[in-house]
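**Student:** Chain residues, written in single-letter form:
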Amino acid sequence: KAGVTQTPRYLIKTRGQQVTLSCSPISGHRSVSWYQQTPGQGLQFLFEYFSETQRNKGNFPGRFSGRQFSNSRSEMNVSTLELGDSALYLCASSLVLRDNEQFFGPGTRLTVL
Amino acid sequence: AQRVTQPEKLLSVFKGAPVELKCNYSYSGSPELFWYVQYSRQRLQLLLRHISRESIKGFTADLNKGETSFHLKKPFAQEEDSAMYYCALSGFQGAQKLVFGQGTRLTINP
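Chains A and B, in that order, give the protein sequences.
Numbering (the numbering used here) for the first sequence: 1 to 113.
Numbering (the numbering used here) for the second sequence: 1 to 110.
The hints are simulated quantities; they were obtained by calculation from the structure and are not laboratory data.
On a predicted model such as this, the values are computed, not experimentally measured, just so you know.
Positions of the beta carbon are idealized from the N, C-alpha and C atoms, including for glycine.
Keep in mind that a hint or two might mislead.
[Unchecked claim] Simulated DEER-style distance windows between Cβ atoms:
#1 A:Q17 with B:P7: 35 to 41 Å
#2 A:N71 with B:P75: 41 to 47 Å
#3 B:A1 with A:R15: 19 to 25 Å
#4 A:S27 with B:P75: 34 to 40 Å
#5 B:P75 with A:S22: 39 to 45 Å
[What the hints assert, rightly or not] Quick list of in silico lysine-lysine cross-link-like pairs, DSS-like style, CA-CA up to 30 Å:
#6 B:K65 with A:K57
#7 B:K15 with A:K57
#8 B:K57 with A:K57
[Claimed, not checked] Here are some chain B residues the structure puts well away from chain A; computed CB gaps all over 10 Å:
#9 V19
#10 R49
#11 F59
#12 G66
#13 E67
#14 F100
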């Protein structure tokens with residue numbers, strides 16, 4: 001079974017631009033979560049989606065948004081990029097809502113110049 | 001508020017020695033605790049969770065609600081245990097939100 005895939009793997013943007021990251025969960029998984037990983041703040045929860053509905057949101061500004069499609073694929077968008085948004089963005093999927101074993105993707109490395 | 005603390009950023013032990021990675025948490029309810037591991041050039045993956053009470057790769061972790069701790073232990077370290085270890089907390093059953101500690105980089109010396 002293929003694992004969680006994320007595209008693109010690497011991205012370079014400049015301040016003020018916007019970016020969209022994509023995540024394809026493991027086949028059959030309906031829950032998708034996003035995390036931001038930085039050296040200073042570590043792993044921080046961004047959002048959680050289940051059946052196209054955002055169930056939970058972390059403490060991030062409104063510039064960070066996401067969505068989930070009917071096939072469970074998810075995207076996250078960051079508008080008006082800032083230097084501090086440079087990070088590894090991880091997506092994780094799980095089979096059902098009550099199962100906390102999350103399977104992580106390889107991440108998208110975003111660099112904001 | 002939910003919080004996970006891993007006091008050691010780096011931990012270095014010799015092969016065959018016991019290993020203990022510390023994790024303390026703060027949560028007013030009944031948490032679910034996990035250990036995730038990231039080996040070099042690999043994805044973050046679940047190592048174990050307290051509700052299953054399993055021993056994975058020789059590692060065990062006991063949830064101590066009195067001390068609000070979930071330390072990870074292994075009696076005899078192996079070189080392949082070298083990795084980044086993250087303790088994580090989920091506040092309620094069914095919630096996918098994980099609160100992670102800062103991680104401990106474990107190095108096993110030959």
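**Student:** So, for every hint listed, does it hold in this structure?
**Tutor:** To see whether the hints hold, each was checked on the structure:
1. Checking the proposed 35 to 41 Å range against Q17 of chain A and P7 of chain B shows it holds: the Cβ atoms sit about 39 Å from each other.
2. Take N71 of chain A and P75 of chain B: their Cβ atoms lie about 45 Å apart, and the range 41 to 47 Å holds.
3. At about 32 Å, the beta-carbon gap between A1 of chain B and R15 of chain A misses the expected band of 19 to 25 Å.
4. Checked against the hint of 34 to 40 Å, the C-beta distance between S27 of chain A and P75 of chain B comes to roughly 38 Å, which is consistent with it.
5. Roughly 43 Å separates the CB atoms of P75 of chain B and S22 of chain A, a value that falls within the hinted 39 to 45 Å.
6. Taken as a hint, the K65 of chain B and K57 of chain A pair is honoured in the structure, with Cα atoms around 27 Å apart against an allowance of 30 Å.
7. Proposed proximity of K15 of chain B and K57 of chain A is contradicted: the alpha carbons are some 42 Å apart, above 30 Å.
8. Taking the CA atoms of K57 of chain B and K57 of chain A, the gap is near 34 Å; set against the 30 Å cutoff, the hint is violated.
9. The Cβ of V19 of chain B lies farther than 10 Å from every Cβ of chain A, with a closest approach of about 21 Å, so its non-interface assignment holds.
10. R49 of chain B, annotated as away from the interface, has a beta carbon of chain A within 10 Å; the closest lies near 7 Å.
11. Residue placement check: F59 of chain B keeps its beta carbon more than 10 Å from all beta carbons of chain A (closest about 16 Å).
12. With 10 Å as the threshold on Cβ separation, the claim that G66 of chain B sits away from chain A holds: the shortest Cβ distance comes to roughly 23 Å.
13. Under the 10 Å C-beta cut-off, the non-interface status given to E67 of chain B relative to chain A holds; the minimum distance is some 22 Å.
14. Residue-level check failed: F100 of chain B sits 4 Å from the nearest beta carbon of chain A, not beyond 10 Å.
Hint check: violations occur at hints 3, 7, 8, 10, 14; the rest are consistent with the structure.
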